[in-house]
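The chain contents come next:
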Amino acid sequence: MHELRRIRNREKRSFFKVRSIKLKNGDVQVKALFTSKMKTQGKAGVQQILVSFSATVFALVLGMLLIYAIGFDPFSAAVSMVEGAFGSKNAFGETLVKMTPLIFTGMSYALASRCGLTNLGMEGQLYMGALAGTATGIYVAGLPAALHLPLTILAGFIGGGLWGLIAGALKVRFGASEIITTVMLNTIAISFIDYMVNGPMIEPPGINCQTQPVRSSAQLPTLISGTRAHWGFVIAIAFVVLFWLFLWRSKRGYEVRVAGLNLSAARYSGIHTNRNILLVMFLAAGLAGLAGCNEILGIQIRMIPEISPGYGFDGIAVSLIGNNTPFGIVIGALLFGAFRAGGNRMQIRAKVPNAIVSVVQALVIFAVVASQMLLDKWNEHQMKKINRQESEVA
Amino acid sequence: MDLLQTIGGYLFTDIRMAAPVLLAGLGLLLMNWSGLLNIGAEGIMLISALAAVVGSHFFGSVWMGLLLAMLAGAVFGLLFAVLTVTLRANQTVVGAALNILGLSLSTTLNRVFFGIETTVTKVDAFQVWEIPLLSKIPLIGRAFFAQMPIVYIAFLLVPLIHYFLFKTKPGLNLRSVGENPRVADTLGINVYRTQYLATIVGSMIIAVGGAFLSTGLLNFFAEDMVAGRGYIALAAVIFGKYRPTGIMFAAMIFMAGNVVSNVLQVAGVGIPYTFLTMIPYILTIIALTIFASRAVAPASLGRPYKRG
Amino acid sequence: MSVILEMENICKQFPGVLANDRVCFSVKKGEVHALLGENGAGKSTLMNILCGLYKPTSGEIRLEGELVQFSSARDAMELGIGMVHQHFMLVPTMTVTENCLIGDKEGGSIKLDRKEAGQRLKELAERYGMEIDPDAIVGTLSVGEMQRVEIIKALFRGAKILILDEPTAVLTPQEARALFKMIRALTDNQFTVIFISHKLDEVKEISDRVTVLRLGAVVGTHDIAQCSIEELARLMVGREIIFDVVERQHPVGDILLEVNNLSLHRLHSHESNKLLDDLSFEIHEGEILGIAGVDGNGQAELVECLTGIRKASSGDAIYQEKDLLHLSTRDIMSHDVSHIPQDRQKTGLVMPMTLVENFALQDYYKTSFGKRGFLNWTSVEERSSKLIQDFSIKTPSAYELAQNLSGGNQQKVVAAREISREPKLLIAMHPTRGLDVGAVEYIHNQLIDQRDKGVGIMLVSTELEEIMRLSDRIIVLYEGRAMGCVRPSETTIEEMGLMMGGRTLDEIRNGRVKEAPVENMVM
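Residue numbers (my numbering), protein chains in the order written: chain W, 475 to 868; chain C, 11 to 318; chain R, -13 to 509.
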């Protein structure tokens, strides 16, 4: 009986209801029935995953065909790609390394999307976060690692966040589309970093265009010994949890989701949509800033003019595959991280140009987008059928 | 006279540099007026820049290169149209993917065709077509009448497209699709076909701009050579209030920033070069804040259309 | 008169619903033929088939004796059938001429000759007693003028048969009369008009014959002269309609809301017309104040000012010793004010979200729904289940997406959410728009219920029937001004119509304006 009560108490938070049924022979059987919540939401979730998965596989096959078309052996390319991503402890470490910034930029794009905003400025925000982190890591002296490291990470978040806030403010105040302003801010940011690294922050005596290394008290410790994988990965996962909590468990996150789906309804309900736009742009850009900051603290150790091979725009793909959900983003980041990690090895071993990885990434985006729209169409069709069957009488 | 010559020189450079942005802007404009928001001009320009070099190299003629470039542009445009018109996917995401595809595909194919050499392959490029007499006019002569053919095409397209959009029936029909596709539909216009046509033709015009970069303005293909001009074109459309003449002036003003930076660099002025490269982008943001609320965009821009 | 159009045994099957059931419908040349029926009777479906937007599942259409088939709206247009929809098919940023020329295939060149076309349009309009300005930007026209443009557009493209879908829904009785004159001018010139309506008095006034549809089938075709309004009503609804005002049970209480000199100026305007012009009125506890008037005369702006969505230019609205005009929406709602917005899909619900998430919309920020910034979904779910039960909302589960519910049930969700907050002041705008008879009655009963509990209700509606039936007092808005305040039992439809058309109560009752005598109908 204790067991039963325990199960019943969990009923409220779970997907299933518990029914106790008395059988003919006196036994009591306990059945768990899926509530309608599971039916409607669970089914939809599974559908999405299957569809995104098959689309990705389709794109991968297309990619292999392309590799063949340009005169290389797709199978050795695929093999070396997988080797480069998972084949050894080192490879796996590399995958984690490449995955970390993608988790952040994926979340960045997803968070903005949920609010109805399109954040194309992740590259610039990433660089600004990296710069802020580097500066804090170099010039703040005398702090123990337990203080310095969190401070530096915070600086990275704020650095990126403020950069995105500019676009948010321009949108709220002037109605300027964030699609354009964030893109423009990208180049401005990258140019600015170029200036800083070659100018005021250059490492003496000024021969190499890079900054001094960040103090050891601000560097991220290694996660897996013998690899480059660092604790930034753990921080990224921690932020995924925060991401979920914010959007689906907090009141502010609820407001953000409502505004993203129906701005008018949000206003009519009293939600301060302008304030939320500013908040979301700050948070989303801060996440992108963390992508850059972690790269510095964990891998580069110092700031150089180019630290991102396109992590910003990859974030769009990651978020798309993951359908803007926390778990999906991690999977998407894993996929694209593996691509990048494996791509280097593929270039060396199978001689296939590394850029083909990005081609495949673009194909994945197209395939996933197309498949999601096809799924939506199909669902709509089903829904219309059911709806018309019920009469209009209330 | 020296001053006139100098200013004439700046004008010459400005017009030259504005041409690809202008072409991209005009191509985008056609798509915008059909209700589609395409941010993928960068990718289209990249692939067409490569295609132009490839065509010019393997066929020995820059015009073949141009043709190949326009073909590449049409293919990219078709891809965009299928996803956004037939499947009604998010236009911004598809456009961003187009940019990724353009960059990566052009880089990959560049390596495949020309290898990873440090010496850049020279190809047959556009030459300056000087118009006799007119090109001798002081100040504007060289700027207006001693340019490459693509530049002439670009600036001639301005009144042409203006006439098409605002003085012809097909142009009216196109605009009605961008303003209110449902109305256009009930009046017998095939919305989907209009959007497909606008996208393909528009992409081909953008491709001409890309071709000019690698076989006109410069004489080779370098990875990521479009360097953000596709995005500037986007801004030029908004700044130009969705009119061809507006886009023309916008392109010239934006590129003036580039010209200024070149000038200052040559003059050895102490402003860091990197700051000067920011100017077009800063100008664009300022323009957006001033003009964004009053821009006359097609009412249905960016919204997928569903029949019935 | 010969038969120009015959629709024989038209069936239209949608998944699960037979929208048209072997409909036989014939129209004579030069007549005005009304198509009468309630919401959902199948009138619009039938006409959409006729103008080429839908394909019939079975059945035939004959035009002047010959079998025809349409595959698109353009086909129908080319055969001379033109439809003026309820929601105008016009591009606001373009001129009248441009709107008429969209999709025009006539003429050899592709050149757009605005002047020549404009001239032709003007002549066409004058021929039938209408006036238009071909170069006017459509967005600046009044609703009546826009409708005229739609009609001219149809004629311009060669329509011989005009279908008008609920044309007077957005007109004042006076504008409607002008429309009727136009229709007569057209039929005098051998044009045929099919007039879709659910308004009995209009059908009686303008048409020659009427076909009544109910639940997808034809219940009769009659000459108007041989039909009374009551008979038509009976055919339409299938039962006797009892037109009466609902009895008051409880007395009216104290003043709940006092609006004084509320004005709202236009933003960039050349016109001196204000959106709201010096409005003053009160709402008492336990009373329903009806705000009547043709759509677009300030009703939406009034509601927006009172709910904090728009900032008024001057005046005040005193409620519980506070001025609503200076409070944010959130503040207003948290002081026991509820709002059923006019568009449930756009502003009342978040369509892609579940019902549970929608129910949370108004009160999620309260501590009863979660502390320290977190939302307690369990309590939201409990509340939702209860509301679904109490209000008999038909849905497979509380986690169903709002967009999958029928219109009536969606409206019930909004009403349930707003009413269950136990407001003291309830603002309901077009609460029964687009609903069928059963749902309308349900919502009306809810409103009366609330009134009897002492809630002060501001009911904004364009349906005169609804306003007359439910309100204790009625204010008519015209161009942002209050034309007068009357009790339903002390006024007539005619008087209401005059106020809606711009006469103040004062002017009407002091006999300064002479009107042709028309039957008084108290609905």
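Heads up, a few of these hints could be off.
Calculated pairs, DMTMM-like style, for lysine to aspartate or glutamate (alpha carbon to alpha carbon, straight line, at most 25 Å) [as the list claims (entries may be wrong)]: (1) C:LYS179 to R:ASP329; (2) R:LYS332 to W:GLU854; (3) R:LYS185 to R:GLU408; (4) W:LYS725 to R:ASP121; (5) R:LYS97 to R:GLU109; (6) C:LYS177 to R:ASP90; (7) C:LYS177 to R:GLU50; (8) C:LYS316 to W:ASP850; (9) C:LYS177 to R:GLU152; (10) W:LYS851 to R:GLU386; (11) R:LYS260 to R:GLU271; (12) W:LYS725 to R:GLU408; (13) W:LYS825 to C:ASP234; (14) R:LYS332 to W:ASP850; (15) C:LYS179 to R:GLU92; (16) C:LYS251 to R:ASP121; (17) R:LYS260 to R:ASP240; (18) R:LYS146 to R:GLU244; (19) C:LYS316 to R:ASP329; (20) R:LYS41 to W:GLU854; (21) C:LYS316 to R:GLU109; (22) C:LYS179 to R:ASP61; (23) C:LYS316 to R:GLU46; (24) R:LYS357 to R:GLU408.
Simulated from the structure, these hints should not be mistaken for lab results.
Hint check:
1. Between LYS179 (chain C) and ASP329 (chain R), the direct Cα distance comes to roughly 36 Å. Violation of the 25 Å bound is thereby established for this hinted pair.
2. Between LYS332 (chain R) and GLU854 (chain W) the alpha-carbon distance is near 19 Å, which keeps this suggested pair within the 25 Å criterion.
3. For the proposed pair LYS185 (chain R) and GLU408 (chain R), the alpha carbon gap of about 35 Å is over 25 Å, so the pair is violated.
4. The straight-line distance between the Cα atoms of LYS725 (chain W) and ASP121 (chain R) is roughly 51 Å, outside the 25 Å bound, and the hint therefore fails.
5. At roughly 21 Å between alpha-carbon atoms, LYS97 (chain R) and GLU109 (chain R) fall within 25 Å of each other, so this suggested pair holds.
6. For the hint linking LYS177 (chain C) to ASP90 (chain R), the alpha-carbon distance of about 14 Å falls within 25 Å, and the restraint holds.
7. For the suggested pair LYS177 (chain C) and GLU50 (chain R), the alpha carbons sit about 38 Å apart, so the restraint of at most 25 Å is broken.
8. Proximity of LYS316 (chain C) to ASP850 (chain W) is assessed by CA-CA distance (about 13 Å); at most 25 Å being required, the pair is judged to hold.
9. Between LYS177 (chain C) and GLU152 (chain R) the CA atoms are separated by roughly 35 Å; this puts the pair beyond 25 Å, and the hint is violated.
10. A distance of roughly 18 Å separates the Cα atoms of LYS851 (chain W) and GLU386 (chain R); the hinted pair therefore holds under the 25 Å criterion.
11. Our distance criterion of 25 Å between C-alpha atoms is broken by LYS260 (chain R) and GLU271 (chain R), whose separation comes to about 30 Å.
12. Using a Cα cut-off of 25 Å, the hinted pair LYS725 (chain W) and GLU408 (chain R) holds, with the two alpha carbons roughly 22 Å apart.
13. This hinted pair checks out: LYS825 (chain W) and ASP234 (chain C) have alpha carbons roughly 21 Å apart, not beyond 25 Å.
14. The suggested pairing of LYS332 (chain R) with ASP850 (chain W) holds, with an alpha-carbon distance near 21 Å, which does not exceed 25 Å.
15. Distance hint between LYS179 (chain C) and GLU92 (chain R) is fulfilled; the C-alpha atoms sit about 10 Å from each other, no more than 25 Å.
16. A C-alpha spacing of about 22 Å is found between LYS251 (chain C) and ASP121 (chain R), which places the hinted pair at or below 25 Å, so the restraint holds.
17. In summary, the hint linking LYS260 (chain R) to ASP240 (chain R) is not supported, as the alpha carbons are separated by about 31 Å, beyond the 25 Å threshold.
18. Distance restraint check for LYS146 (chain R) and GLU244 (chain R): the Cα-Cα separation of roughly 54 Å exceeds the 25 Å cut-off, and the hinted pair is therefore not satisfied.
19. Proposed proximity of LYS316 (chain C) and ASP329 (chain R) is supported: the alpha carbons are some 21 Å apart, at most 25 Å.
20. Proposed proximity of LYS41 (chain R) and GLU854 (chain W) is supported: the alpha carbons are some 21 Å apart, at most 25 Å.
21. As the CA atoms of LYS316 (chain C) and GLU109 (chain R) are separated by approximately 37 Å, the hinted pair breaks the 25 Å bound.
22. With a CA separation close to 19 Å, the supplied pair LYS179 (chain C) and ASP61 (chain R) stays within the 25 Å bound.
23. With a C-alpha separation of about 28 Å, the suggested pairing of LYS316 (chain C) with GLU46 (chain R) is violated against the 25 Å cut-off.
24. Of the supplied pair hints, the one linking LYS357 (chain R) and GLU408 (chain R) holds, its CA atoms being roughly 22 Å apart against a limit of 25 Å.
The structure fails hints 1, 3, 4, 7, 9, 11, 17, 18, 21, 23 (numbered hints given earlier, in ascending order).
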